[in-house]
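Make one complex out of these two single chains by using the hints.
Quick mapping for you: the protein sequence lines, in order, are chains F and R. The first sequence maps to residues 4 to 152 in our numbering. The second sequence maps to residues 8 to 207 in our numbering.
Examples of chain F residues toward chain R, derived with CB under 7 Å:
1. D55
2. K82
3. F83
Ranges of calculated distance between the beta carbons of each label pair, as one might list FRET restraints:
4. M50/R with G76/F: 28 to 34 Å
5. M50/R with W92/F: 47 to 53 Å
6. V134/F with D183/R: 28 to 34 Å
7. C152/R with A109/F: 40 to 46 Å
8. D55/R with P68/F: 42 to 48 Å
9. Q60/F with G178/R: 34 to 40 Å
10. M131/R with Q133/F: 34 to 40 Å
11. M50/R with T101/F: 45 to 51 Å
12. T101/F with R82/R: 27 to 33 Å
13. F144/F with F155/R: 43 to 49 Å
14. I116/R with Q65/F: 54 to 60 Å
Derived by calculation from the structure, the hints in this document are not laboratory data. Just so you know, even glycine gets a beta-carbon here, dropped at the ideal spot from N, CA and C.
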Amino acid sequence: MKFSSILKATLISGALILCSTPALSEHVKSLRGNAALDADSTNIELKRVQEDRAPIQRDYVQQPPLIPHDIEGYTINLKFNKCMTCHSWANYREAGATKISQTHFADRTGDVHANVAARRYFCNQCHVPQVDAAPLVENEFKPLPSIKQ
Amino acid sequence: MLNSLKNLWGWLCRPSAKYTLGGLLTVGFISGIVFWGGFNTAMEATNDMDFCISCHEMEENVYREYQNTIHYSNRTGVRATCPDCHVPKDWQHKIVRKIQASNEVLHKILGTIDTPEKFNAKRMELAQNVWTAMKATDSRECRNCHDFKSMDYTKQGRRAVPQHIKAFDEGKTCIDCHKGIAHSLPDMSKVDATQAIGSQ
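Looking at chain R on its own, in the form it has when it is part of the complex (with noise of 0.2 Å):
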C-alpha cells in the first residue's frame, strides 16, 4: 500500500520524457474547462427550483406557502424562485451556501422535518436561521433585485415612502420590516408582543 502510494507520487513528480510540455499544457488546460465546466453545471443544478422541490419537505410545505405570494405571480411574470432569494448570486458566497447545505442533506438523511408536524415545529428556529442570515448580509439576496438605491420614492404609495426614507436613514435592512412575505410565519406572539391574543 505504502509502496504504491510512494510509487504514485514518483510518478506526479517526475519530468516526463515522453509527452511535450506544449501536450501537457494543452490536456491539462481543455480538461480544466471541462472539470470546471462539470462542476459549475453540477452546481447549478442543484440551484434550480425543481430541484428543491423535489424533496417533499420543501415541496409540501414551503414552496405551496410561497405559491400565494407576489413573488410566485405577479402583474408583470418576474418570478423569483429558491435560489434567487436563499443563495447567494456571487461565487464566493455561493460556494460558502452551498457548502453549508450539505448540513441540509444530513437532516434530509435523518428525517429531521419529514413530516409537516414536525417541520411546524421547526418553523421559529428556521425561520430564525434566514432572519439571522439576512441581517448579517443586509439583505443580500433581496437586494440582488430590490436595491434602494433605485427605488423611486415617488412611485411607491404615500405609506411606503416615509417608512422606506426612515428605515434607510437608521440603517434598518429589508428583512427587518418584510419578514413572512414568501413562507408562512412561526407564531410571532413569541417574538413580537403585538402579535398575541388576549392576555397572552
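The following block holds chain F by itself, in its conformation from the complex (with noise of 0.2 Å):
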C-alpha cells in the first residue's frame, strides 16, 4: 500500500514537469528547425573543409596554429600519428612542413622526452582544420601588434 502511493506521488510529480515543459520547449530550437516531425526538413549547406591553403597566420599568443589543409582519414591512434609523418623533427624539412614545437615533448612534470609526449599526442584536440564558413556574429577581435606580421 506504502508502495503504491509512492508510485502514485512520483506519477504526479513526473505528469507536472512534462506539463511545465511546453514553457520551456518555446526558447529551444532543435536542430530540424521548426519543421513538423512527417515533413522533409531543408537541406542544410555542407560547409566544406579548406583543402590545401598556406599557412594560416595567428591571431594571439599561445594559440594553436590552425590547419591549412584537409585531415580527412589522417589517423590517430595509440600505434600510428599520421601528422608526425611531415610534421615531425626527423620528416618536416622534407615534408615542407611546419615542425612540432618542442614545448610538445614535455610532460606534465615537465620532463622533456625524445618524442611528442602523451598529453600532446593528439594533434587534433588543439589543432583544427577550417572550413569556408563565414563567421555567424560580426567579430571586432584585432590581433596584438606585436605578433602581427
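Dropping the structure here:
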C-alpha cells in the first residue's frame, strides 16, 4: 500500500514536470528547425574543409596554429600518428611542413622526452582544420600588433 | 593396377580407328573452350570482394577498416575492392598470386588469425608482406589506376606536387609513402622512430 502511494506521488510529480515543459520548449529550437516530424526538413548546406592553402597566421599569443589542409582519413591512435609523418623533427624539412613545437615534448611534470609527450599526442584536440564558413556574428577582434605579421 | 595404367596409356597413344580427325579436333576444341572458360570463371569467382569477406578473418578486420577509407567511398563512386589492390590484373602474375593464396587457405584451416587479437598480433608481419610485395613490383596494383605518367600536377594540392615530383625522381614508389591508406597500420613506432610517444 505504501509503495503504491509513493508510485502515485512520483507519477503525479512526473506529469507536473512534463506539463511545465511546453513553456520551456518555446525557447528551444531543435536542429531540425520548425519542420514537423513527418515533413522533410530543409537541407543544410555542408561546409567544405579548406583542402590545401598556405599556413594561417596566428591571431593571439599561444593560439594553437590552425591546420591549413584537409585531414580526412588521417589516423591518430596509439599505433600511428599520421601528422608526425610530415610534422616531426625528422621529417618536416623534407615535407616542407611546420615542425612540432618542442614544448610538446614535455610531460606534465616538466620532463622533456625524445618524442611528443602522451598529453600532446592527439594533435587535433587543439589544432583544427578550417571550413569555408562566414562568421555567425560580427567579430571586432584585432590581433596584437606584436604578433601581427 | 599397373596393368590398368598400361591399358590407359595404350588407349591414349593408339591412333583412333573409329573417329575422324576432324571430329576429334572439333570435340577437343569445344571442350578446350569449356574447360578453360570454366577454370577462368572459377578463378574469377575467387577474385571478388564478396568471396574475400566470406571469411570472417577478412570481414571483421581489414574489410571494416577499409570501409572508412577513400577507396571504399568517395565523391565519384569509383570503388577499389580487395582484388583490385591485392591481386595482379594480368594473367601471368595473377596465377602466381592465386597459387600463393593456397597458403592463406592453409592458415584459414589452422585458424592462425581467427580472432581480432590474433590478427592484431600478426598485423605487422602481414603488413610488411604487402609492403615488400608492393615495393618489389613498383606498386603495380596501385598503378593499374594511379599511373604517375597520367598525373596532372597542376590539379594536385600545393603540398602534393613537390612531394610527388621529388619522390618519382628518386625512384620511389607509391607504397613508400602511402602506407595504411586502406587498413589500420600496425604499431609504427617499431619501424619509424618519429612515431614513438614520449621516451619510447
